[in-house]
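Asks: Each chain, written out:
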Amino acid sequence: MIELNNISYSYPRTVQPALHHVSLSLKKGRCVMVTGPSGAGKTSLCLAASGILHHEYGGKKEGTVIIDNRNVAEYKSLSDLAQNVGIVFDDAEAQMIFTTVEEELLSALEHRGLTADVIEERLDAIIKTTYLENLRDRSPHHLSGGQKQRVALAATLALGNEFLILDEPTSELDEHATVRIAEILTDLKNQGKTILLVEHKYRNFKNMVDTLVILENGAITASGSPDEVLADQRIHGMIFPDFSTIRKTVQNGSGEPIIAVQNLTHSYGEVTALAGINLTIHKGEFVAIVGENGSGKTTLVKHFNRLLSPTSGDVVINGRNTKECSIAELARDVGLVFQNPDHMFFADTVREEIAYGVNNLGIGNSDTVIDAALRDAGLFGTADLYPRWLSRGERQRLAIACVVAMQPGIIVLDEPTTGLDGNEALLVIRMLKNLQEKGHTIIIITHNHEIAEHCADRIILMENGHIMSDTGGA
Amino acid sequence: MAEILQYVHKDAFLHRLNPYTKILFIILVTIMAIIATDIPFLILMVAVLLAFAAYGEMLKESLNQLKLILIMSVIFILITIITMPNGETLLYLIPQGIPFIGGLVPITTGGLQIGVVLTLRFMILIFAFQLFLVSTQPRDIVHAMEKVHIPIDYILMFIIALRFIPTLQIEGQRIHEAQLARGFNPGTGFTGKIRSVSPIVIPLVSNALLRSNVLGLTIDMRGYRTGKRTHVRERVFEKRDYAMMTVMVIAGCGFVALVVAQMV
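Residue numbers (my numbering), protein chains in the order written: chain A, 1 to 474; chain B, 1 to 264.
If you're looking for bench data, these hints aren't it; they were derived computationally from the structure.
Because the structure is a prediction, the values reported are computed rather than measured.
Check each hint, because a few of them may be wrong.
Not everything, but these chain A residues come out facing chain B in the computed CB check (under 10 Å) [to be verified]:
id : residue
1  : T100
2  : L106
3  : E110
4  : E120
5  : V337
No residue lacks a Cβ here, since even glycine has one placed at the ideal position from N, Cα and C.
Use the sequences and the hints to build the structure in full.
Replies: This is how it looks when you write it as structure tokens:
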């Protein structure tokens with residue numbers, strides 16, 4: 001059993017406590033799911049419950065954590081804690097240290113004082129549980145995000161601990177990979193593991209959750225059986241964001257063509273990523289591109305601003321063939337926002353971050369433009385903060401604002417809601433919808449079918465480099 | 001993307017050798033390469049290493065390094081030509097016909113020779129280390145190093161430094177693309193070039209620091225740093241290791257003889 005008694009915690013040099021009188025008990029064989037907006041202290045809670053906070057972090061700590069009838073203070077070190085608790089983090093890449101899947105798991109198994117035979121036996125069992133059979137000899141660079149996260153989970157299982165703590169294990173994963181993780185965790189719970197799961201995606205895990213805990217601003221605001229907790233309208237809305245009211249009217253191909261893709265083929269070496277794509281997108285449309293990983297979605301949109309050039313075929317933006325334009329020129333017409341906003345922030349303040357793109361294009365009146373972008377993104381109050389201090393949702397909106405301020409007619413977003421909680425996703429989608437109303441053409445790549453159906457005017461389904469269906473006709 | 005210094009999973013001669021055999025091999029090759037100054041002998045060593053690479057099905061991985069080696073050799077030879085003029089002058093880097101500066105920087109046989117020797121030495125070291133790294137699982141490196149009492153933290157540092165090279169490569173590429181989409185301008189002039197690096201380097205370093213926190217906790221919470229360890233699938237010395245050792249002893253003795261005879 002893991003018990004948190006009245007835990008309060010503030011990180012060094014901060015005023016606001018990350019956790020505020022949090023009490024939680026995790027009984028043997030049960031699954032507790034903690035959810036709440038980003039910045040609510042969920043990661044701090046995971047660190048506290050695993051004993052890491054006590055041993056590794058400074059700052060002000062109050063209350064006690066009991067793991068397996070021992071106060072965490074009695075454990076000598078993290079290695080000692082590791083005998084009882086396993087933890088999986090959200091960054092899958094950082095949790096693979098060795099160069100093949102099997103090696104990773106063996107390395108974890110070797111430290112448990114088992115005999116060689118038992119290790120081989122357990123290795124096979126874990127590989128089976130986590131569906132890694134065909135990936136035994138793969139290196140981290142040849143695994144998808146979901147596969148890497150399964151390896152991280154498997155390596156944690158290798159420890160053979162009863163307690164499993166998972167800090168947003170699926171935040172960067174698509175629907176398919178999330179379902180896989182949920183299946184595995186359900187199996188593990190049935191095998192008797194005790195699970196503390198921090199997650200946004202309650203929907204995927206609802207069959208295994210015994211207790212649902214809502215954490216807001218470092219404090220628990222609701223806790224109990226999922227049915228009880230979800231009876232509260234406000235909480236229900238937080239966990240099941242309602243996208244159905246976003247779209248007011250369907251706008252179908254009203255404007256003139258703004259993107260014309262003709263017979264576009266793209267190959268990476270011998271792999272054909274796009275095979276003869278034909279597509280016309282009209283001004284003012286809101287288009288969602290959906291499809292499995294590796295279906296060619298990102299490859300397609302990278303052609304719009306010439307990060308990739310066609311192997312054959314043409315892409316015409318605003319009447320100009322991209323072959324005749326440089327990337328910098330196209331940046332005026334096409335704004336591309338990548339999946340991970342942290343790949344672009346380097347300035348000292350939010351305002352400077354937005355100014356970078358604006359100055360690169362030499363847009364006049366930059367202060368007014370930047371103010372407008374800040375307001376559109378709902379970030380006006382944070383203009384002087386360091387970009388990386390913002391919450392995940394705010395960083396995503398900042399990434400969009402950086403591109404919007406450059407005033408491109410077309411805004412393309414790769415997975416704009418991945419890693420966000422329901423409310424943040426709603427904010428992002430509302431922002432995009434407003435941009436559409438102002439006359440921008442919006443193209444999003446998304447795995448979220450609800451968003452595609454409720455927000456986009458047109459859905460394009462891709463598979464193996466082909467367009468399989470397109471609700472916009474043409 | 002070419003993956004720099006990453007283990008490649010195969011079941012070939014070099015992979016099956018014991019890590020210790022390979023470490024001794026590197027040590028021997030390094031000593032020989034440093035002592036020898038005879039160009040034909042060094043070329044022979046390169047050829048032997050490439051033969052090993054071919055036998056171990058690693059020739060492609062070795063030849064991937066040629067571009068790096070070529071760039072390096074040009075730099076080495078230029079430096080030695082400029083700084084170590086010696087022996088006969090073959091021609092001048094700046095043709096004599098040009099007024100004032102014509103005839104400066106003579107290309108001499110001595111400078112050229114030292115440059116070539118340096119290049120060959122580095123070539124040998126790069127090939128040898130690379131053959132070791134692409135054919136040895138990090139787990140085996142950890143085991144081998146632990147047995148000679150190198151502290152586990154240092155070993156993990158070494159392993160992780162190698163492991164994250166491709167990760168940083170891929171991430172750098174993504175950051176570059178994201179900044180290009182924001183009208184990133186590679187900059188002109190010296191200060192411009194330096195300044196234009198920050199939009200790429202700052203996100204790369206910030207993300208890496210963030211990642212290192214998770215990585216550190218993962219290492220601790222998987223118990224990688226605890227001392228006791230069960231040895232599974234351990235590499236033992238096999239016939240091929242003894243054969244390889246014999247070859248190395250013969251090569252070593254032969255080399256000593258050549259050195260004594262002042263032939264290399």
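Asks: The structure should be examined with respect to each hint, and the outcome stated for every one.
Replies: Results of checking the hints against the structure:
1. T100: Holds: closest Cβ of chain B sits about 6 Å from T100/A, inside 10 Å.
2. L106: 6 Å, holds
3. E110: 5 Å, holds
4. E120: 7 Å, holds
5. V337: At 8 Å from the nearest chain B Cβ, V337/A passes the 10 Å test, so the hint holds.
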